[in-house]
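Undergrad: Work out the full structure: start from the sequences and follow the hints.
The residues making up each chain are set out below.
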Amino acid sequence: MNSRRNVVKALGLGVPALALAANAAAKTPVAADPSNPMLLACERPADSKLAKRFPQVLVQDQHGEKFWFYENLIQNKLVVLSFASVDGEQAYPIIDNLVKVQEMLGDRLGDDVHMYTVTTKPEVDTADSLKQYAAAKGARWQFLNGDPTSIRKILMAFNVMGSIHGLTWVGNQRTSRWLTKPSRVQPIFIAEAVGLLSTGKHHKPYLIDMRSTIA
Amino acid sequence: MAKRRDVLKGGAAALATTPAIFGGSMLPRVAQAQLCRPEGLITPETEPLSPQVTYFDQPIYIPPAMAEVDPSLLDPGPNNGRFRHQRFNEFPPVKFYIQQETEGYWNYHPTLSALADPVQKRGSLAWMFNNATPGETLVARYGEPCFVRRFNNLPHAEDAQIQEFGYPATTTHLHNAHVGSESDGFPMDFQEPGEFWDHHYAMIYARHDYREALGSLWYHDHMIDFTATNVYAGLSGMAIFYDHIDSGDENDLNESALRLPGGYGQYDLYFILHDVRFTAQGQPTYNVFNTDGHLGDVITVNRKAFPFHEVEPRKYRLRWLDGGPSRFYELAFFEHVEGGGATRPVSRETPIGFLSIANDGNLLEEPVDTTTIVIGPANRIDVIVDFSGFRGKTIDVLNLMEQINGQGPTGRRLQGPDRVPVMQFRVKDVNTEDNSRVPDFLRALPDIDLGEVVAEREWVFDHDMGLWTVNGQFMDPTITSAYPKQGTAEIWRFRNAGATWAHPVHVHFEEAQILTWNGRPPTGVGKSRKDVFTIGPGDDVRVFYRFDDFLSRYPIHCHNNTHEDNAMMLTWEIVP
Chain A
1 MNSRRNVVKA LGLGVPALAL AANAAAKTPV AADPSNPMLL ACERPADSKL
51 AKRFPQVLVQ DQHGEKFWFY ENLIQNKLVV LSFASVDGEQ AYPIIDNLVK
101 VQEMLGDRLG DDVHMYTVTT KPEVDTADSL KQYAAAKGAR WQFLNGDPTS
151 IRKILMAFNV MGSIHGLTWV GNQRTSRWLT KPSRVQPIFI AEAVGLLSTG
201 KHHKPYLIDM RSTIA
Chain B
1 MAKRRDVLKG GAAALATTPA IFGGSMLPRV AQAQLCRPEG LITPETEPLS
51 PQVTYFDQPI YIPPAMAEVD PSLLDPGPNN GRFRHQRFNE FPPVKFYIQQ
101 ETEGYWNYHP TLSALADPVQ KRGSLAWMFN NATPGETLVA RYGEPCFVRR
151 FNNLPHAEDA QIQEFGYPAT TTHLHNAHVG SESDGFPMDF QEPGEFWDHH
201 YAMIYARHDY REALGSLWYH DHMIDFTATN VYAGLSGMAI FYDHIDSGDE
251 NDLNESALRL PGGYGQYDLY FILHDVRFTA QGQPTYNVFN TDGHLGDVIT
301 VNRKAFPFHE VEPRKYRLRW LDGGPSRFYE LAFFEHVEGG GATRPVSRET
351 PIGFLSIAND GNLLEEPVDT TTIVIGPANR IDVIVDFSGF RGKTIDVLNL
401 MEQINGQGPT GRRLQGPDRV PVMQFRVKDV NTEDNSRVPD FLRALPDIDL
451 GEVVAEREWV FDHDMGLWTV NGQFMDPTIT SAYPKQGTAE IWRFRNAGAT
501 WAHPVHVHFE EAQILTWNGR PPTGVGKSRK DVFTIGPGDD VRVFYRFDDF
551 LSRYPIHCHN NTHEDNAMML TWEIVP
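Protein sequence lines correspond, in order, to chains A and B.
Counted the way this note's numbering counts, the first sequence spans residues 1 to 215.
Counted the way this note's numbering counts, the second sequence spans residues 1 to 576.
Read the hints as simulated data drawn from the structure, not as lab findings.
Check each hint, because a few of them may be wrong.
Said to hold, decoys possible - Computed cross-link-like contacts, SDA-like style, restricted to lysine to any residue with a CA-CA straight-line distance of at most 20 Å:
#	chain 1	residue 1	chain 2	residue 2
1	B	485	B	458
2	A	204	B	155
3	B	485	B	455
4	A	153	B	47
5	A	204	A	89
6	A	204	B	196
7	A	204	B	455
8	A	204	B	476
9	A	77	B	289
10	A	201	B	485
11	A	201	B	158
12	A	100	A	213
Said to hold, decoys possible - For each label pair, taking beta carbons as the anchor points, the in silico distance ranges come out as:
#	chain 1	residue 1	chain 2	residue 2	range
13	A	204	B	432	52 to 60 Å
14	B	480	A	63	40 to 48 Å
15	A	204	B	153	18 to 26 Å
16	A	103	B	156	42 to 50 Å
17	A	103	B	52	28 to 36 Å
As the structure is a prediction and not an experimental result, all values here were calculated from the model.
Ideal Cβ placement from N, Cα and C applies to all residues, glycine included.
TA: Printed below as a string of structure tokens:
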């Protein structure tokens with residue numbers, strides 16, 4: 001899980017001097033979250049190759065902790081990003097399947113792999129309702145909601161329409177590679193996508209070798 | 001479309017009212033206007049307008065034929081270790097080739113190269129076969145089996161200069177060769193950088209029937225989840241199969257030879273269309289988050305932006321291939337009036353007539369006299385154009401198909417100045433020889449015996465919850481959705497359940513003949529063997545398949561590769 005310390009770290013390392021200077025000239029930064037004075041409400045940097053594609057909006061997880069969507073949750077990270085709502089789950093549950101992915105990721109979850117589920121019903125879902133739902137399912141990753149306008153920007157960026165969405169994005173923002181998997185595909189294929197997009201010791205082209213063999 | 005004879009009789013050269021691939025009437029303008037979805041994810045930042053490039057001021061690139069290599073260079077040798085092939089010893093290869101996939105620079109257009117690489121002007125970034133895109137053309141002949149070893153020497157994902165799209169693991173599909181599954185470029189048969197894969201092309205007709213010959217093929221990457229973007233990065237090339245009928249030699253003395261305009265690269269030309277979008281820095285860009293599909297605003301032919309080609313005043317065979325990922329074309333030839341270069345060309349309004357001779361690379365029984373061709377992603381149409389009446393003149397090839405998003409065409413035909421430039425032919429004022437012929441009968445179609453049919457299967461293409469689905473399912477490589485038995489025939493039915501989108505449905509390995517398109521028997525170029533059935537909104541197509549010669553797994557998928565990568569693919573398997 002992202003702790004406050006991580007957020008501070010991201011702010012410290014991620015903000016280019018130029019952006020800070022520009023912000024300083026614009027206006028004095030104020031705290032975006034009263035409980036976290038380090039989370040500043042100034043314009044966010046968009047310095048990475050895909051940064052412009054991800055909204056720099058404020059979101060909060062089910063524990064009430066606030067984050068800048070791109071800067072704190074996506075930038076330089078390997079992520080598994082899904083879209084769901086408590087209502088939508090009744091018709092087309094995806095969280096059960098993603099819990100199995102969570103188990104396959106093991107210790108990597110929250111360490112070098114981050115899972116997020118963005119609410120598709122920001123007007124209805126609250127931090128509390130998401131917290132309750134995640135806990136009931138055994139989901140230990142972050143469920144994101146926030147100001148509906150901000151959340152809609154995220155949904156639009158990923159072509160999400162309606163309260164039910166069947167695609168999960170797996171992306172490595174260090175290498176700028178993203179792919180989709182059906183959220184209800186066998187969980188090992190989502191874990192496999194994480195392995196494919198991992199670099200270094202965690203890189204695995206496949207978990208199941210399905211290449212042709214002729215006896 | 002009418003038969004050649006009928007049209008000649010009537011003397012008409014009017015635009016066909018119904019593009020053949022759609023087989024039925026298109027959506028009226030009023031209806032279409034109500035079908036647009038919001039385009040929230042398309043912004044100037046995610047899908048910028050490409051830098052302005054000039055029209056028709058650079059020559060086209062004609063890829064050379066692949067050069068054979070000495071098989072003793074192959075270490076390990078063919079058919080070894082994990083790379084064993086069905087029926088290898090029955091059809092031992094007589095021609096050997098090596099291809100290297102690498103990252104490098106490609107000159108799409110001098111303007112773009114100057115932006116991408118101002119000092120050395122090497123070009124824009126590309127993933128290539130043997131340092132070119134399209135890769136060298138595989139020019140093969142029935143009865144002469146080939147062996148191709150392809151090395152993935154692309155950089156690792158974290159080192160590649162092409163970022164934002166593509167993934168440097170590859171598997172190369174030869175579309176739509178009649179080869180064993182292990183040589184077919186199955187999406188799970190991928191190799192990572194530093195590895196290679198062997199492909200054995202037996203060069204046999206399906207069922208050893210000369211009527212099953214394939215003519216215009218292409219090879220392209222088929223990596224699971226990354227087909228659209230890897231092909232877009234440059235991993236595509238063409239292939240031509242010749243035989244004793246379609247021999248590629250217009251002076252062939254053999255009685256069986258058709259003597260169509262021949263000589264690959266000379267009078268027999270192959271053009272692959274890719275629509276590309278470039279950044280202000282002259283690099284190709286692709287919005288992977290737009291799961292509807294990709295549209296580029298620079299039309300490239302053989303990866304050259306709006307090129308020209310000089311031709312002699314005689315007959316040519318032009319093979320057109322839509323390389324995708326998502327754009328559909330209706331191509332027509334018009335005499336050039338003025339403009340070009342920095343200003344958009346002005347062309348005449350009346351199209352020039354020509355003959356269509358092949359659909360999806362397979363010769364028709366009779367040439368079809370027409371004025372336009374309609375192709376969706378992966379469709380091929382071969383045409384014969386006679387430039388002899390245009391000595392010293394210039395002819396513009398324009399796209400008449402309107403398309404505003406990756407889902408499919410709107411159904412409107414572009415007219416006048418809205419027609420989109422593609423490429424240009426400049427007819428030289430020279431004397432030339434032309435011994436080519438276009439016979440009234442080309443190649444017979446195999447018989448359809450409905451008595452052989454043992455099963456009928458339906459494949460419904462739809463969109464659900466952000467996923468592109470087939471029969472409500474999405475790609476899961478462990479699931480096999482059909483097990484047709486070798487030596488049997490089946491009727492497959494492809495249905496588009498969508499209202500706004502088109503799906504070029506591609507089935508690997510076998511060609512099929514259309515039985516009915518929306519209940520009606522096929523006419524014109526539809527009377528053919530095909531491997532990509534481009535189904536428009538609501539289309540319902542029944543086709544006749546036979547399954548022979550090789551076993552194992554093949555995919556069926558949408559060849560709008562963005563849809564394919566977003567789950568619109570299933571596996572089927574031929575069993576003994």
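Undergrad: Compare the structure with each hint and give your call.
TA: Each hint, compared with the structure:
1. Of the supplied pair hints, the one linking residue 485 of chain B and residue 458 of chain B holds, its CA atoms being roughly 17 Å apart against a limit of 20 Å.
2. Between the alpha carbons of residue 204 of chain A and residue 155 of chain B the distance comes to roughly 16 Å, so the proposed pair stays at or under 20 Å and holds.
3. Between residue 485 of chain B and residue 455 of chain B the CA atoms are separated by roughly 10 Å; this keeps the pair inside 20 Å, and the hint holds.
4. In summary, the hint linking residue 153 of chain A to residue 47 of chain B is supported, as the alpha carbons are separated by about 16 Å, within the 20 Å threshold.
5. As the CA atoms of residue 204 of chain A and residue 89 of chain A are separated by approximately 31 Å, the hinted pair breaks the 20 Å bound.
6. Taking the CA atoms of residue 204 of chain A and residue 196 of chain B, the gap is about 17 Å. The hint holds against a cut of 20 Å.
7. Pair hint residue 204 of chain A plus residue 455 of chain B does not hold up; C-alpha atoms about 40 Å apart against a cutoff of 20 Å.
8. A hinted pair counts as satisfied when its Cα atoms are at most 20 Å apart, and residue 204 of chain A with residue 476 of chain B qualifies at roughly 19 Å.
9. Taking the CA atoms of residue 77 of chain A and residue 289 of chain B, the gap is near 17 Å; set against the 20 Å cutoff, the hint holds.
10. Proximity of residue 201 of chain A to residue 485 of chain B is assessed by CA-CA distance (about 44 Å); at most 20 Å being required, the pair is judged violated.
11. A hinted pair counts as satisfied when its Cα atoms are at most 20 Å apart, and residue 201 of chain A with residue 158 of chain B qualifies at roughly 13 Å.
12. The straight-line distance between the Cα atoms of residue 100 of chain A and residue 213 of chain A is roughly 30 Å, outside the 20 Å bound, and the hint therefore fails.
13. One distance hint, 52 to 60 Å for the beta-carbon pair residue 204 of chain A and residue 432 of chain B, holds here, with the actual separation near 59 Å.
14. With their beta carbons about 44 Å apart, residue 480 of chain B and residue 63 of chain A fall inside the hinted range of 40 to 48 Å.
15. Range check, residue 204 of chain A to residue 153 of chain B: Cβ separation about 21 Å, and the 18 to 26 Å hint holds.
16. A hinted range of 42 to 50 Å is violated for the C-beta pair residue 103 of chain A and residue 156 of chain B, which are about 28 Å apart.
17. For residue 103 of chain A and residue 52 of chain B, the hinted distance range of 28 to 36 Å is not satisfied, since their beta carbons lie about 53 Å from each other.
The structure fails hints 5, 7, 10, 12, 16 and 17 (numbered hints given earlier, in ascending order).
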